[in-house]
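Asks: Got chain A; can you put chain B on it based on the hints?
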Amino acid sequence: MVARDMLDVDRIDTDIAVIGTGGAGLMCVLHAASADPTLDITLLSKGAVGRSGCTRMVQGGYNVVLDPADSLELHFADTLEGGKYLNNQELAWTLVSDAPRVIHELETRVGCFFDRREDGRIHQKAFAGQGFDRTVHRGDLTGIEIMGRLRDQMFRLGPRELEDVRALDLVFDDDGELAGLTGLDVRTGRFVVIRARVVVVATGGAATMYRIAAPAREKTGDGIAMCYRAGLEMRDMEMMQFHPTGLLAGNSRLTGAVLEEGLRGAGAFLLNVDGERYMSRYDAERMERSTRDVVSRASYTEIMQGRGTASGGVLIDISHLGVEEVERRFPGMVARTRQIGADLARGPVEVSPTAHFHMGGVVIDPDCQTSIGGCLVAGEDAGGTHGANRLGGNGVAESTVFGARAGDTAARIARARQLRTPDEQQVATSISRALAPLQRERGPWPFALTAELKDLMWRCCGVVRDETGLNEARTALDGLEQRLAEVSVPGPPRANFAWQEALDLENQMTVARLVVESALLRKESRGAHFRSDFPERNDDEWLRYVVLRRGRDGFDVEMRPVEFSRSELPTKVVANP
Amino acid sequence: MTTLRISVHRSEPDRLETFEVERDDPMMVLDLLLAIQRTHDASVGFRFSCRVAMCGTCTLRMDGRTVLACQTPVPTDTDEIRLDPVAGLPVVRDLIVDTAPFWQEWATVMPYLVPNEELTEPAVVRPDSPERQIIDPALDCIGCGACYSSCGIANSRRDFLGPAALNRAMVLIADSRDAAADERMAAIDGAMGVDGCHYMYGCTSVCPKGLDPAGAIRKLRSWRLHGRP
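Residue numbers (the working numbering), protein chains in the order written: chain A, 37 to 613; chain B, 23 to 251.
Just so you know, these hints were derived from the structure itself, not from any lab. There may be inaccurate statements among the hints.
Claimed, not checked - List of simulated lysine to any residue pairs, SDA-like, C-alpha gap at most 25 Å:
1. B:Lys231 - A:Gly368
2. A:Lys161 - B:Arg154
3. A:Lys490 - B:Asp47
4. A:Lys490 - B:Gln93
5. A:Lys490 - B:Ile58
6. A:Lys161 - B:Pro149
7. A:Lys161 - B:Pro152
8. A:Lys161 - B:Ala160
9. A:Lys161 - B:Arg199
10. B:Lys231 - A:Gly377
11. A:Lys161 - B:Thr142
12. A:Lys161 - B:Asp162
13. B:Lys231 - A:Arg289
14. A:Lys161 - B:Gln155
15. B:Lys231 - A:Asp379
16. A:Lys490 - A:Val330
17. B:Lys231 - B:Gly174
18. A:Lys161 - B:Glu153
19. B:Lys231 - A:Glu361
20. B:Lys231 - A:His159
21. A:Lys161 - A:Phe305
The shape of chain A in the complex, shown without the other chains (with noise of 0.2 Å):
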């Protein structure tokens, strides 16, 4: 423990403090800035500003009704449908009645360029599950567009950013209210604590925490982590969705990272390693171009059961289209597979389920607030708006929207809450924590414990589950936890990569405690979820969500019944769980 004297610290007091700059961040710094000029706004990155996250890697588009023969009720219907009927329905309406105004935003204000039809309006583009061809891009680069030039809007409106400064911990103060929080500066290794009158956290979610995965390093849960050490609830918990198409790339890095979804779309095949199109057995209708959860659960089903190449994958095959079509349509993707010494234009690529995006999170209202006040909470860290699975191009639209939302509300509130000062003793605790790896002398390095981490979340708690491994990979959980606390990293504290993959590492078990509990609890099959010894969806037990929070020991859970507040159930049959 660090002496509370002994403490040296940065110090720095702001008025609106956002954690996390991919899209939620960002937008929220926009809006806050633009509500009232006035504010001074503290922005911070565990990586380069605007550079680090996911918005940056969305490739398909955004989802939005802008054509008259469109509808709000169309796009939130599809967005339920998507979302088995689990969704909050507040957050889903909110986001596709906001999103309009969104694009309009940021077509008009922003700078974002977006493709145009042949006479010059915005083009809008099909997408899976979707009633309505509403995907608004830009090529297959939507997200550096949106991202690029909201980074150039933070030269115009100059927030301080703190680059490469993590944050660690949500602070209070005596009276237990919301002081600000605990960051750490990655460069130089030096600790900082803000002192804020608003905090916003939008650092996006934790699926980097299996084997293959899609998202950026710096994903690591770290804000759904921090709330739920500061005791807020987490809803959904158990929702992690899969894209069906990940590159398998051996050990290179690049795997996991998505083969786009338009390549279904496009009359891709999936093959198994005898060469059947296996989707014909599992919706036999729609086959390749039915949705992520089904066609996950469909190539995850063929690999284990032995139909998979011998490196664990399927087959993705588009070359039947002609090597020009496919060089044409899909260069990013065809770039990416030459890169591995595949070829997608010529033949056969491996591809695997990939982990991709977590549905689940913090639990919020319409205007992004929980129930610590004046702690806010936007995008990926979330939970509600997209239920037990998200559409192709809601993320995007879920992160712009709520991050608005979120810097709308701090701008608002911001005046009112005074500045406090936390308790001394939970910022050296804090400190300590994360100090302790790198104080250890001895002590094995984080990453053989990280990669143990990602092999038992898929292997146990990845695209079909069941109450065995799910029980293996709690009890196995707990003796990684065990193990975490012996590591030891070497070398100084600036730059110290070792370092921070540790940090990492105690935030994806965290959030892989909570997958893991709220997985066990779900006892049916619904969106993402599925539990092969609970195969059906159960709507007279499960239109409820689970919701977990930290308890005095170990979990609070309440299970709580989906409001309809906008829309009932359909009555028809539905045949996917």
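Replies: Same frame as chain A, but now just chain B:
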């Protein structure tokens, strides 16, 4: 399986340190660094995020040439590779640099759209319009700084705006939605701007997104002389 000898720039103290890494397939330069970190020296400093050439943070020099570590396969014609930080930016540690000077130059050209008064609805612009023909191939800059590192002027003279910032300025000046073209034309004028370029095309030859910053600079010079479109 062959063994690769990887010489990595280490900053404390300043030296080259050589590691032996087993060749794998497929293997990117980023995978080399991860292998070194995981099996040899956990403290080796390098950066990456997305590993699919979208974040632009893993830029470094491999045998002198500036590349993105994540999208550069380990060469098959040699077993000896040298890795250095990008040129022209202060080293934080090992292969990690402080990109602040790059972004300061970028900020100088007012890199954000200044919407003109008529822009109340998404602009109606045909995809085959002259303006989009200029802009579209010059978008998708990921701010990786490869052009800056490979530019003999930018990496030696701190006052030159550099290829990426000038490319961004060109994109905005060509955009009919923007109202600040005159200010930007002024910002890119002179020896610290377009006149600083000596057309060595280092920028264009290394851009991992296939952009042509040198071409953008030519356009800006031509617009200065003949008026912008």
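Asks: For a quick check of understanding: which of the numbered hints are violated here, in increasing order?
Replies: none
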